[in-house]
Structures are given as structure tokens and as C-alpha cells.
Amino acid sequence: MVWQVLEGLSRDSAKRLRFVPGVIYVDEGAVCGQSHEDREKTLAQVKLTLQKTGLPWHVVALEEVFSLPSSVLRGSALDPAGTQGGYKAAVGSFLQQQQQQHAPVAEPSPSPAPGEARLCQPHTWGTLGHQGLAELPTAAQTQALCRLFDSVRTLTAKEELLQTLRSHLVLHVARAHGYSKVMTGDSCTRLAIKLVTNLALGRGAFLAWDTGFSDERQGDVVLVRPMCNHTLKEVAFYNRLFAVPSVLTPALGTKAPEKASVHRLVEAFMLRLQTQFPSTVSTVCRTGEKLLKAPRSGPAGPPCLLCACTLDVDTADSATAFGAQIFSCAPGTQLPSLLARAGEPQAPSSSPGESGAQGCCREACKRDEHRACVVEQLCYGCRANLRDLPSLDPLPPYILAEAQLRSQRAWVQQQIQEYLIEDSEDDAAETGHS
Amino acid sequence: MTTVLHSPTHFQLYQRTAASWEECPRGGAELLFDGVKKHQVTLPGQEEPWDIRNLLVWIKKNLLKERPELFIQGDSVRPGILVLINDADWELLGELDYQLQDQDSVLFISTLHGG
Chain A
1 MVWQVLEGLS RDSAKRLRFV PGVIYVDEGA VCGQSHEDRE KTLAQVKLTL QKTGLPWHVV
61 ALEEVFSLPS SVLRGSALDP AGTQGGYKAA VGSFLQQQQQ QHAPVAEPSP SPAPGEARLC
121 QPHTWGTLGH QGLAELPTAA QTQALCRLFD SVRTLTAKEE LLQTLRSHLV LHVARAHGYS
181 KVMTGDSCTR LAIKLVTNLA LGRGAFLAWD TGFSDERQGD VVLVRPMCNH TLKEVAFYNR
241 LFAVPSVLTP ALGTKAPEKA SVHRLVEAFM LRLQTQFPST VSTVCRTGEK LLKAPRSGPA
301 GPPCLLCACT LDVDTADSAT AFGAQIFSCA PGTQLPSLLA RAGEPQAPSS SPGESGAQGC
361 CREACKRDEH RACVVEQLCY GCRANLRDLP SLDPLPPYIL AEAQLRSQRA WVQQQIQEYL
421 IEDSEDDAAE TGHS
Chain P
1 MTTVLHSPTH FQLYQRTAAS WEECPRGGAE LLFDGVKKHQ VTLPGQEEPW DIRNLLVWIK
61 KNLLKERPEL FIQGDSVRPG ILVLINDADW ELLGELDYQL QDQDSVLFIS TLHGG
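Top to bottom, those sequences are chains A and P.
The numbers in our numbering rise by one with no breaks, and the one at position 246 of the first sequence is 246.
The numbers in our numbering rise by one with no breaks, and the one at position 54 of the second sequence is 54.
Since the hints were made in silico from the structure, they are not lab data.
Certain hints may be false.
[To be verified] Below 25 Å or equal to it, Euclidean Cα-Cα: the simulated DSS-like pairs (lysine-lysine) are: (1) A:290 x P:60; (2) A:47 x P:65; (3) A:255 x P:65; (4) A:255 x P:60; (5) A:233 x A:255; (6) A:259 x P:60; (7) A:259 x A:233; (8) A:290 x A:233; (9) P:65 x A:259; (10) A:41 x A:52; (11) P:60 x A:41; (12) A:41 x A:255.
Start from the sequences and build out the full structure, keeping to the hints where you can.
Have a look at this one:
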């Protein structure tokens with residue numbers, strides 16, 4: 001994809017691209033089992049490759065999620081530019097910036113209107129524009145990341161967590177450097193696999209956002225997938241025939257057996273089906289394109305804490321598998337067993353022992369409540385993943401802080417609900433009649 | 001703009017009827033071939049002409065150091081691994097039945113995630 005963008009930016013191309021791109025690389029070596037030396041070697045190769053592109057580039061380590069602000073989880077209210085007027089305005093702004101760069105006297109450029117989209121800030125243009133990580137992160141951060149991923153029980157949940165953290169990190173870097181769009185290199189084959197995988201993971205309600213061409217969940221930064229019409233085979237052939245430089249990095253599931261995770265299983269299933277029925281991948285993708293991003297009926301609910309999708313859960317419904325899951329994870333069901341354990345006398349009539357046991361019980365209740373307050377802010381898919389994480393403590397602080405903030409806000413809103421004045425349709429009708 | 005740098009894995013075989021030929025694994029395939037990127041090997045002579053089917057059996061016996069199931073499935077390559085013979089798709093040349101000629105180059109590109 002980077003090669004294609006470079007081709008598009010070159011002077012020889014018929015329709016030259018009118019934006020200034022940057023490239024980001026997220027170093028996930030700690031999670032994928034790479035040693036310190038291997039990570040350094042890979043980073044050196046990556047930096048060399050990125051420098052040759054001549055584009056501004058950013059190298060960030062996944063460990064930096066532990067220093068993200070909680071604002072990264074709050075979507076912006078700005079509408080991304082998608083209309084014709086927005087595109088023309090963006091091209092006009094780009095050409096204006098180009099002229100100013102070549103002007104002999106630098107004049108202060110007018111700040112863009114709030115609704116105008118900026119594709120990239122030009123101050124990072126050029127080979128000197130590398131930002132972000134110059135060295136590997138500290139050992140403490142790496143340990144914290146490894147502790148988080150080691151505490152996750154299944155490979156499926158690890159892969160989902162990795163994707164979530166990576167997307168948050170990329171989003172933060174994009175916002176920090178003024179990028180309004182993020183392009184990923186997901187091919188048609190990868191999107192078809194992702195579509196079926198997400199169905200299996202309980203994210204069927206959000207397929208249109210997860211696998212469509214554009215994903216506007218975050219508001220100010222739009223995720224686009226320009227390679228969605230190319231199969232992996234075409235990409236591999238293109239890379240071979242045009243000698244596109246590449247750097248190999250091991251992934252989380254490298255050398256894992258076929259049934260190690262849902263992702264691997266679905267990948268094997270889809271690719272095996274594709275060899276026998278060559279239209280499989282394209283059929284799945286075309287079907288996925290027909291999915292609409294229609295909002296749910298009724299008032300829009302709050303967004304999921306991790307994936308920013310509108311919550312698709314109905315807590316009142318207890319007759320479904322989802323309802324059973326909520327019931328089994330509820331603090332009340334675990335409390336009786338904790339009380340039974342606390343009630344067993346370790347030493348008869350020993351008050352410190354009893355209060356100690358009660359203290360443990362209280363702590364466990366507090367942990368369960370804390371977990372419940374995080375879980376109720378997640379969509380079904382994210383909740384299913386979180387089940388494989390026994391303790392929320394290793395999670396990065398920005399997630400826990402934002403969960404607490406939202407929970408407190410919801411509580412306060414509940415307290416003052418009866419004092420809030422809301423515009424209702426009945427009032428409007430009454431005033432109309434009167 | 002984001003780039004996900006999971007490169008395809010591939011290694012190359014060159015065959016000569018008489019003696020030596022090379023294979024150049026690039027990318028992740030060398031993980032299954034003891035990390036060696038370039039192999040110089042000699043195909044033993046045999047009465048039947050060498051085809052891709054025989055070649056895969058020979059590779060499994062002589063070159064694959066670990067986890068053969070990640071490369072070969074049954075008598076063919078695992079789905080997701082592309083095979084290029086002289087930079088052409090092997091589906092155009094008869095897949096497993098293609099008979100290797102002198103100076104042919106066979107390239108395996110893995111498009112699997114972590115394969």
C-alpha cells in the first residue's frame with residue numbers, strides 16, 4: 001500500500017494524489033516474543049525502509065499504550081469530510097499549503113475553518129520528519145505489557161486485545177500529528193477472514209464498520225481501507241514483480257497450530273475453501289459491502305469503551321445466551337461462595353481471623369464491582385473477550401480511568417435525572433397547538 | 001497512514017539437472033527452514049522426471065526442519081502459500097503435475113498471518 005501511495009504521489013502518475021501522507025509502524029515485538037536484540041534489528045530494518053520512502057514516518061512501541069491519555073477513548077464530535085464540498089476544500093487547502101511552501105516570504109497561513117478537514121500537517125514533510133520512538137521502551141513498560149498479555153487466557157482474546165491497543169495507539173498518534181485519515185493495508189482476503197471471525201466473536205452488529213471501506217466511529221479520524229478490492233494473491237504477486245522492499249516481523253500467532261485461536265481457524269477455513277471454490281473470498285467481501293451502517297431503533301446508546309461502537313446489549317433480556325453470561329458474571333452470584341469460604345472457621349472464635357476473612361470478602365466484592373462497572377460499558381464482543389482476562393489490574397491506566405469517569409458520570413446523571421429538563425415531542429406538539 | 005509490515009514469506013529453488021541449485025527463502029518461510037535464507041542443494045537423479053509433487057516430498061524429507069504441517073498439507077502446499085514457477089502462477093502450469101525443467105526457479109510465498 002505504501003508503494004502504491006508513492007506511485008500515486010509521483011509526478012508521472014496520471015491522477016496525482018493530493019495529500020501528504022505519513023507512515024506509522026507499531027513495534028509489537030514484546031508481545032510477539034521477540035528478544036531485545038531481535039527488536040533492535042527489526043527496528044533498524046524498518047527505519048531504513050521507511051527512510052527510503054521519503055515520507056514522514058513514526059515508529060511507536062506498543063508499550064506506549066501505558067502512557068496514553070484517557071481522552072483517546074472519547075470520540076470527537078467533528079464530522080469527517082466525506083462530502084464533495086469537503087474534498088474540494090481539502091484539495092484547495094493542500095494546494096494553498098504547497099504554494100506557501102514555495103513562496104519566498106513566509107506569511108502566517110490562515111487557520112482552517114473548524115469543519116474543514118486537514119489530511120496532514122506539512123511541518124513533518126521530508127526525510128527529517130521521523131517522530132516517536134528513537135529507542136526501545138523501558139524494561140518496566142515492557143514488563144507491564146508482557147504481564148498484561150500473559151494474564152490473558154486464550155490466544156483469541158490476546159489477538160483481539162492487541163488489535164484494540166494498536167488501534168488506540170495509532171489513533172492517538174494520528175490525532176497528535178494532525179492526520180485526519182488512517183489508511184490500513186487490509187486486503188480483500190484479510191477482510192473476508194475478519195468478517196467471518198468477527199461473526200464468530202459476537203461482533204456481528206459492527207461488521208460494516210470493522211470490515212467496510214471506511215470507519216467513522218472516532219469522528220475526527222477516519223479509518224479507510226483502500227486495498228479492500230485486492231486479494232492477498234494479487235498483493236503478493238505485485239510485491240514480487242515490482243520488488244517491493246519488505247520487513248518480516250513475527251506475529252502473535254506465528255507457528256501456532258491451526259486451532260489455537262478463532263482467527264487462525266477461520267483463516268485456515270477460508271483459505272482452504274478458496275482453493276476449492278475460488279469465488280469464496282470475493283463473495284464474502286461483496287456480501288459484506290452490502291451491510292449498512294444503520295443506527296439502532298430508539299435513542300442512541302453510549303459507545304463501547306474499547307471499540308467505540310454503539311452498545312448492542314439489552315441488559316433486561318435474560319433469556320438469551322448473553323443474559324446468561326451477564327448473570328454468571330454478576331457479583332451477586334459469586335458472593336454466596338465467598339461468604340461460605342469466609343464463614344469456615346480457620347481458628348475458632350478468633351476475631352482477627354474472622355475480620356481478615358471479611359476483609360478479603362469485601363475486597364473481592366470491591367473488585368467484582370469495579371469489574372462490573374467496566375464490563376457494563378462494553379459491547380457484547382468486547383465483554384466476551386474480557387472474560388478471558390481474570391483481572392483488570394494489568395490493563396493500561398487510560399482504560400480504567402475512562403471507565404471510572406464514565407461510570408461516575410452515569411451515576412451523577414442518574415441522581416439528577418428528575419431535575420433535568422428535556423425537550424420532548426409532546427411539549428413541541430402542545431406549544432404548536434396552543 | 002498506517003502500514004502493517006507483515007511481509008510475505010518466500011523462498012526460491014533453482015534446479016539444474018546435473019548438480020547444484022539454490023533456494024532463497026525470504027521472509028517468514030526461513031523460520032521453518034532453520035532460519036537459512038539461501039539453500040544450495042542437489043537433486044538426486046531418478047528415472048521419473050521431477051515434478052512439483054516429488055519436489056514437495058523431497059523438501060519435506062530433506063529441508064523442512066520443523067512443523068511440516070505449516071508448509072505442506074497432504075501432497076500439496078498448505079492453502080495460503082502461493083507457488084510461482086519462473087514468476088508465473090503454478091495454476092497456469094498444472095500445479096503439482098508440472099515437470100521441472102533445467103534452470104527453473106520455484107518460489108513459495110506464504111500469505112498467512114504468522115505462517
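Against the structure, the hints:
Between residue 290 of chain A and residue 60 of chain P the alpha-carbon distance is near 44 Å, which puts this suggested pair outside the 25 Å criterion. For the proposed pair residue 47 of chain A and residue 65 of chain P, the alpha carbon gap of about 31 Å is over 25 Å, so the pair is violated. With a C-alpha separation of about 13 Å, the suggested pair residue 255 of chain A and residue 65 of chain P falls inside the 25 Å cut-off, and the hint holds. Restraint check for residue 255 of chain A and residue 60 of chain P: satisfied, since their Cα atoms lie roughly 17 Å apart, inside the 25 Å limit.
Taking the CA atoms of residue 233 of chain A and residue 255 of chain A, the gap is about 21 Å. The hint holds against a cut of 25 Å. Our distance criterion of 25 Å between C-alpha atoms is met by residue 259 of chain A and residue 60 of chain P, whose separation comes to about 22 Å. The hinted pair formed by residue 259 of chain A and residue 233 of chain A meets the criterion: a straight-line CA distance of about 23 Å does not exceed 25 Å. The suggested pairing of residue 290 of chain A with residue 233 of chain A holds, with an alpha-carbon distance near 24 Å, which does not exceed 25 Å.
A C-alpha spacing of about 22 Å is found between residue 65 of chain P and residue 259 of chain A, which places the hinted pair at or below 25 Å, so the restraint holds. For a cut-off of 25 Å, the pair hint linking residue 41 of chain A to residue 52 of chain A stands: about 17 Å separates their Cα positions. Among the hinted pairs, residue 60 of chain P with residue 41 of chain A is inconsistent with the structure: their alpha-carbon atoms are about 30 Å apart, more than 25 Å. Between residue 41 of chain A and residue 255 of chain A, the direct Cα distance comes to roughly 21 Å. Compliance with the 25 Å bound is thereby established for this hinted pair.
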